[in-house]
Amino acid sequence: MLLALSTLLYINENPQNGVDFSGINTAGINNVELSFPVHANELTLKKIYNQGLKVISGHADFINMDISSPDKKLRQNSINIIKERILFLKEAGGKFLVVHPGDFCQTEEERSIRLGFSINSLDEILPYAEKNGVCIAIENMPNSF
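So for the sequence shown, the working numbering puts the first residue at 1; every next one is plus one.
Capping the alpha-carbon separation at 20 Å, the derived lysine to aspartate or glutamate pairs in EDC-like fashion look like this:
#1 Lys72 x Glu110
#2 Lys73 x Asp61
#3 Lys83 x Glu42
#4 Lys73 x Glu124
#5 Lys83 x Glu139
#6 Lys131 x Glu84
#7 Lys73 x Glu84
#8 Lys72 x Glu124
#9 Lys95 x Glu42
#10 Lys46 x Glu13
#11 Lys46 x Asp20
Pair by pair, the computed Cβ-Cβ distance ranges are:
#12 Pro37 x Pro127: 19 to 27 Å
#13 Asn132 x Leu8: 20 to 28 Å
#14 Thr26 x Glu110: 42 to 50 Å
#15 Asp71 x Glu130: 20 to 28 Å
#16 Lys131 x Leu74: 19 to 27 Å
#17 Glu13 x Ile63: 17 to 25 Å
#18 Gly116 x Gly28: 38 to 46 Å
#19 Asp123 x Asp20: 34 to 42 Å
#20 Ala137 x Asn30: 16 to 24 Å
What the hints contain is simulated information worked out from the structure, not anything from laboratory work.
Heads up, the beta-carbon is just placed ideally off N, CA and C, and yes, glycines get one too.
The task is simple: from the sequences and hints, build the whole structure.
Set out below in structure tokens:
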């Protein structure tokens, strides 16, 4: 069985000083999921690799990111950032990127509109991810998508 631990566990540690990941493999876990954007840097990767850990996945940003947004600028910016994360993950050796399909919806009408935007965004993201050897994993979201 493949087991990984999210680097989100270390969100309160200063990434500029490098996070101590030694407890992960001490617990018998050999893989990590990078939490973007905070752990998307070379120092963090070096610390991960120095502990003998592998990056198998990443979790895309979810603050100020929304591929379902009615705001075209925010939606396109979110798509562009996800594409950057795909490339970073590819270089780090990861194979899966977790993406939120959208944000909370107030009404069924809003949900329907946002779902359409989310699908359109994924139509742009998925071929790019496939071309780069990364699988997109859509996170199930409570009360919305």
